[in-house]
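Each chain is listed here by its residues.
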Amino acid sequence: MSDDHSKHHIVQPSTYAAILGALLVFTVLTYYVAFIDLGVLSNFVAMGIAVTKGALVVLFFMHIFYSTRLLWVVVVGSFGWLALMLILTLGDYVTRHWDIQQRIFF
Amino acid sequence: MHSSDHSAHHPALAHHFQDLDQQKDATWLAMWVFLATEIMFFGGLFLAYVIYRSSYPDAFAIASNALNVNMGLGNTFVLIISSFTMAMSVYSAQMGQIGRLVVFLILTLILGSTFLGVKYFEYKDKFESHLVPGRHFDFAHHHDPKTGELLEGAHSESANKATEAHSSGHSEKAKREIQIFFSLYFAMTGLHAFHMIIGAGLLTWLIVLALKGRFSREYNSPVELVGLYWHFVDIVWIFLFPLLYLIGRHHHG
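Sequence lines, in order, name chains A and B. Per the working numbering, the very first residue in the first sequence carries number 1; after that it's consecutive. Per the working numbering, the very first residue in the second sequence carries number 1; after that it's consecutive.
Worth flagging that the hints you see were computed from the coordinates, not collected in a lab. For clarity, every value in this text was computed on a predicted model and none was experimentally measured. Where is the CB? At the ideal position from N, CA and C, for every residue including glycine. Some hints could be false.
To be verified - Partial pick of chain A residues on the chain B-facing surface, computed with a CB cut under 10 angstroms:
#	residue
1	13
2	26
3	31
4	47
5	62
6	63
7	65
8	71
9	81
10	85
11	86
12	90
13	93
14	95
With the hints as extra help, turn the sequences into a complete structure.
Written as structure tokens, this is what we have:
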């Protein structure tokens with residue numbers, strides 16, 4: 001945060017390279033785990049890996065880890081709003097008996 | 001105000017900002033507000049996907065296996081590496097290394113174009129295999145691109161559902177459900193590819209500006225903001241790949 005020329009942190013290439021490595025490893029992992037039948041867990045494992053990869057991109061490639069608190073609020077709010085839309089809509093679907101098959105989180 | 005501040009007189013500093021730092025904070029905030037609308041834009045499609053997949057899990061698993069997983073995996077690698085070269089573009093710009101900036105921007109553009117090229121061949125194959133929803137849609141004789149076996153034959157329970165399709169009236173139902181998967185596939189990957197095309201245009205614009213000498217250690221906001229956009233598009237693909245290409249794979253063992 002404290003640079004002579006700017007208060008903006010410059011993320012170093014070594015950090016970018018480490019994140020690239022992690023993203024590639026997680027991609028290989030999600031590919032191979034998809035061929036194993038884990039039942040219900042398959043979805044959670046696949047989405048867990050995707051969320052981890054997305055978080056690495058947001059925090060380091062997009063510099064949010066080093067950003068101002070105001071930007072943190074906006075980023076958390078952005079994804080929070082998405083979560084709100086998903087949770088409220090799915091909450092509606094799983095608690096009603098429409099003729100559509102009820103198999104959320106099969 | 002700060003007459004001694006070297007940045008106060010920088011030609012890139014707009015008059016309504018105190019200094020370049022404040023200007024940079026404002027542009028990052030604005031870009032993230034735009035990305036929030038993009039998250040909701042794609043979010044609607046992801047929501048539709050979750051609802052339909054939870055309604056028709058068997059049809060989605062069968063249909064997913066008709067996608068070419070090797071092309072999807074390859075494109076995931078291409079896009080992740082392009083995110084890295086984009087991040088290196090931003091670093092080069094922030095360090096004022098304009099030569100390296102141009103090289104990394106060109107690399108990013110090449111990788112982005114590679115992604116779109118692979119996507120073209122994937123779409124072409126889907127059109128030729130009658131997997132585009134509509135009156136010519138036909139899943140009955142579709143073969144797995146990897147194993148070569150009939151996709152319907154590979155599944156026990158869900159296969160019966162789809163094969164009895166031919167003889168009984170259930171066929172139309174299975175066909176309709178599988179078409180819903182492909183509708184979502186084209187809508188989601190199409191919107192994503194559209195963003196990639198815009199991104200490629202923005203990269204070309206950045207390369208031209210960089211060659212004209214517009215960017216420096218003090219001023220490089222356009223590079224940073226296009227970087228944010230490019231990484232966001234990468235994140236969308238990080239979710240699309242497992243949701244579209246991988247969900248039915250374990251049925252093949």
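Evaluation of the provided hints:
{"no.": "1", "hint": "13", "in the structure": "holds, 6 angstroms"}
{"no.": "2", "hint": "26", "in the structure": "holds, 9 angstroms"}
{"no.": "3", "hint": "31", "in the structure": "holds, 6 angstroms"}
{"no.": "4", "hint": "47", "in the structure": "holds, 7 angstroms"}
{"no.": "5", "hint": "62", "in the structure": "holds, 5 angstroms"}
{"no.": "6", "hint": "63", "in the structure": "holds, 8 angstroms"}
{"no.": "7", "hint": "65", "in the structure": "violated, 13 angstroms"}
{"no.": "8", "hint": "71", "in the structure": "holds, 6 angstroms"}
{"no.": "9", "hint": "81", "in the structure": "holds, 7 angstroms"}
{"no.": "10", "hint": "85", "in the structure": "holds, 6 angstroms"}
{"no.": "11", "hint": "86", "in the structure": "holds, 6 angstroms"}
{"no.": "12", "hint": "90", "in the structure": "holds, 7 angstroms"}
{"no.": "13", "hint": "93", "in the structure": "holds, 6 angstroms"}
{"no.": "14", "hint": "95", "in the structure": "violated, 13 angstroms"}
Violated hints, in rising order: 7 and 14; the structure is consistent with all others.
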